[in-house]
Structures are given as structure tokens and as C-alpha cells.
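Just so you know, the sequences run in chain order A and B. With the numbering used here applied, the first sequence closes on residue 162, and no number is skipped along the way. With the numbering used here applied, the second sequence closes on residue 1289, and no number is skipped along the way.
Source of the hints: derived by calculation from the structure; they are not laboratory data. Just so we're clear, the structure is a prediction, and the values are computed from it rather than from any experiment. Glycine is no exception: its CB is placed at the ideal position from the N, C-alpha and C atoms. Keep in mind that the hints are not guaranteed to be accurate.
Here are the simulated distance ranges between beta carbons [what the hints assert, rightly or not]:
1. B/A1264 to A/M45: 26 to 32 Å
2. A/R41 to B/K1225: 45 to 51 Å
3. B/S1012 to A/Q14: 25 to 31 Å
4. A/G141 to B/R1061: 40 to 46 Å
5. B/A1264 to A/V95: 46 to 52 Å
6. A/K37 to B/D1151: 48 to 54 Å
Pulled a few chain A residues facing chain B out of the computed Cβ check, cut under 8 Å [stated by the list, open to error]:
7. G13
8. A15
9. I16
10. L25
11. S61
12. T64
13. V68
14. A112
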Amino acid sequence: MTHVLPISFSLNGQAIAIDVPAHTLLIDLIRDRLGLKGTKRSCDMEVCGACTVLLDGEPISSCTTLAVDVDQREVTTIEGVTPPEGLSRIQKAFVLHGGLQCGFCTPGFIMAVTALLKATPHPTDEEIRHYLHGNLCRCTGYTKIFEAVRSLAAEQVSEDAA
Amino acid sequence: MLPSPFAFERPSTIAGAVRAVGKSGDGMFYSGGTELLLALKMRVIHTDRLIDIKGIKGLDRIALNDANDIELGARCTHNKIANDPAIRAHVPALSSLCANVANIRVRSVGTIGGNLCFGEPHADPLTMLAALDARLVLIGPSGTRVVHADDFIRSELETVREPDELLTVIAFSRPTGPATYRRFKHGERPSVNVAMAWSLGASGRTIRSARVRVGALGSRPQPLKAIEDVLQGLSVAEVRPAIEAVLPTALGELEVNEDRHGGAEYKRHLAGVLLLRNADEAIAAAGSA
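Okay, chain A solo, but in the shape it has when bound (with noise of 0.2 Å):
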């Protein structure tokens, strides 16, 4: 028996209103539904990242959230937080710093940074490692998503004293 529900959301900012399978996940509607094709399934069990989008802000598993748990929130994809023109000064950061390599993670970890710079603004080196540890990357070896990261709280400390 398939059950649907009539949802109504923020992606992005743009009001959607859909009728959901109840069993549908937020993965599959994002994608497959509504095009936005940026956020990766990988792991499919909340292990890898792969997957993260925000939800009201906090990240989430897209792979193993209900579409209609995101019934009258926010959601927010990659596309959400990349600018028409050019990359957002994370994303630029990961570039820079040769944060990424095959890609298909980056997604997942620049949303979980997005939520991390959110939540705290100056992170210590300690704070980046424990919020990141959750999502995997094969390419890099850490090293350079770290060196991103870190420059990216160094660089808000130095405006905050300028």
C-alpha cells in the first residue's frame, strides 16, 4: 500500500509543494524529482557524508531522512549555497587548498562546513577534526580538506580583528 502525503517546503528558498510517497526519501526527491543533482548517494547507511544537506540549518543524511519529515522546513542542497556566478569562499577555499580531487564527496563536506562555520564561526583545529570525522573522502587524505578549513576560521579571526 503506498501512502502519500501532500509536503510543502523551502529548498533553497524556493517554496516547493509535492505529493510524497510516505516511504520516499529525501534523497530521491531532491534528485530524481526535483533535478538537483549535486548531492551524492554513496554509503547509503549515514556513515560516508556523501549525502549531507541541511535541514533547518543542521545537517542530515539525505539517504536516510523521510520526504516528509521535511514537511514545513528548510532545506538546503549544494545548489543552494553555490553563487550563480563563480564558488563561495568554501568552495574556493577547497580549491585552493586542493581540498578535493575525484569531487563526488565535496558536496557532502562543503555542507557540513557550511554548518560548522554557521555553528562556530572560529573553529579550533580540535573542533574541525570532530565535526568532520563523519564524512569520508578517499582522495585526499584529509590533509587539505583540513588546511581549508582551517584557513577559513584564520581568516574570519583576522577580519574580526581588522
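Here the structure of chain A is known, so what remains is to put chain B in place on it, guided by the hints.
Only chain B this time, still in chain A's reference frame:
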């Protein structure tokens, strides 16, 4: 992977949720879904109806009540407990435990109640809650009952909770001495974990009683009776040699499953190391109190 289709209900009261689960078929309570949705996606369990309890007010409350009990609503997320000022002040080890469950995404939505009800042996919270002698409040169609954390697990991935009983609150007395937790893990779940809670005498230098639980080795956290016995009435200054003297006997009494987390001797060894680290932390905490 996609779960099989199910219906979805959003009751607004505990009674409504209990009725909704119980009325027919194999409905299940649902909140964060961090364990349940994984199992549904792998199709190792089946449900025809999810009863979403997120609309029930009050289930995510954290409070220190008049009886000096700390009450955790079952629907509190790991993040909420980790960042709660009362938990940080009174049980910092529980705050730290919750700040390190799985990963940030799981902590955002996963709940303490869901973690307990899933009955996964390789989990963090139950070991600590058993050391704190927590009581779990279950509300079902025939009323309310209270189960001690020690008695909650029936077997691996199975608890004494009936399908139409909702875990609503986890309560434990505010600790009157150091409460500590240590774990060792290879992946996201603990391979072995140890929790210890001391009740100190008025002077703060003597242990009135101690509870020690070792988790993830069998289906449920196990008490280390020999350690608890030796600590009772002991001066804090004498703890380390006293534990070391009975440690081999105490560890020998543990039931240990051999699994991908390691062999029995290895895990017993880890339990001993973790216990001594708990003890060192508790000694330091008692000394600074």
C-alpha cells in the same frame, strides 16, 4: 535502497501514538529513524505503518526534578543532550558521550530513546545509563511501567518493550560522585565500552558504593561485581591498587562475543584498560571536588 511502502501517521499525544501502533498490523514508533530507516532500507525488518512521535509535545524535555532526578525525554536527540546545560553540569560524561555518538548527522536527528529501543549491543548510551541505574518509563495500552536499564535488553536487537509500548522518559538520580565513560572503537560503533558511577561519602574521600558496567561485549551491559565489591567503602586514594588486584578475576567473569570487533581475550584486555582510565578520571574528579 528504498524501504517497502508504509503508511505514515502523526499522532499528537502519547495515548494517540500507542493506539495508532496497536490497532492492527505491525506499526512502529518512529522519530529520528537513524537506526530504523537503515533496517527498513535493507529490508531486514518490515512495517506497514510508521507512527511518527515527533509531533508529541514534551518528549524532548530535559529536566532536574524535585526528587533530584534527571529526566531525559526519550525523543531528545544526541545533540540536544550533548549541549544541555544541566547535563553538562551534572553528568558531563553523558554530555560528552552524546557529543561523540556516530557522526554529526546522526546526532542531529537520532534520539536517545531510539538508540535504546533498537537494542544494538554496540551502542554507547545504555552502558552509561546502566551505570547510572537509570529507569526507563514505558507507556502502553494497559498503563505505565518502569524498567531498569539493566533489565531492558532481552537479547541482541531485542528489548523487553512491547511493540505498542512507547519509551517516554529515561530518569536517573543526579550523581553524587564521579560518573565516567570510556570506549574503544574501530568504526562508528563502540567495540568495547565501560562506564562507572561512584556515590561518595560526605567527606568526598570515601566511596559509599560504585556501579561499573561493561558494554558491547554481550547482548547487554554487564556489571563488574568484583570491582563494585572492592570499591565499596574504599578510600579514593586506594582505588587503583584495589582494582588492579581483582581485575583479572573480574574480567574473567565477563561473557564476551567474538565478532568483527575482535576476539574475546583482546576485548577483555580493552575492557581492563578502559576501566582503569575511568578510575583515573574518577580519582582526579573526586580529588578536585
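Evaluated hints:
At roughly 28 Å, the beta carbons of B/A1264 and A/M45 sit within the given window of 26 to 32 Å. At roughly 48 Å, the beta-carbon separation of A/R41 and B/K1225 lies within the given 45 to 51 Å, and the hint holds. About 29 Å separates the C-beta atoms of B/S1012 and A/Q14, a value consistent with the hinted range of 25 to 31 Å. Roughly 43 Å separates the CB atoms of A/G141 and B/R1061, a value that falls within the hinted 40 to 46 Å.
Evaluation of the 46 to 52 Å hint for B/A1264 and A/V95 yields a pass: the beta carbon distance comes to about 49 Å. At about 49 Å, the CB distance of A/K37 to B/D1151 agrees with the hint of 48 to 54 Å. Hint status for A/G13: violated, given a least beta-carbon distance of 21 Å to chain B, over 8 Å. Nearest Cβ of chain B to the Cβ of A/A15: about 21 Å, over the 8 Å cut. The hint is violated.
Because the beta carbon of A/I16 sits about 18 Å from the nearest beta carbon in chain B, more than 8 Å, this interface hint is broken. A hinted interface residue such as A/L25 counts as satisfied when its beta carbon comes closer than 8 Å to some beta carbon of chain B; here the least separation is about 7 Å, so the hint holds. At about 5 Å, the closest approach between the beta carbon of A/S61 and any beta carbon in chain B falls short of 8 Å, and the interface hint on this residue holds. For A/T64, the interface hint holds, since its Cβ comes within 8 Å of a Cβ in chain B; the closest pair sits about 5 Å apart.
The beta carbon of A/V68 is positioned within 8 Å of a beta carbon in chain B (closest approach about 6 Å), and the interface hint is therefore held. At a threshold of 8 Å, the smallest CB-CB gap from A/A112 to chain B is about 7 Å, leaving the interface hint in force.
Violation of the numbered hints given earlier is confined to hints 7, 8 and 9; the remaining hints are satisfied by the structure.
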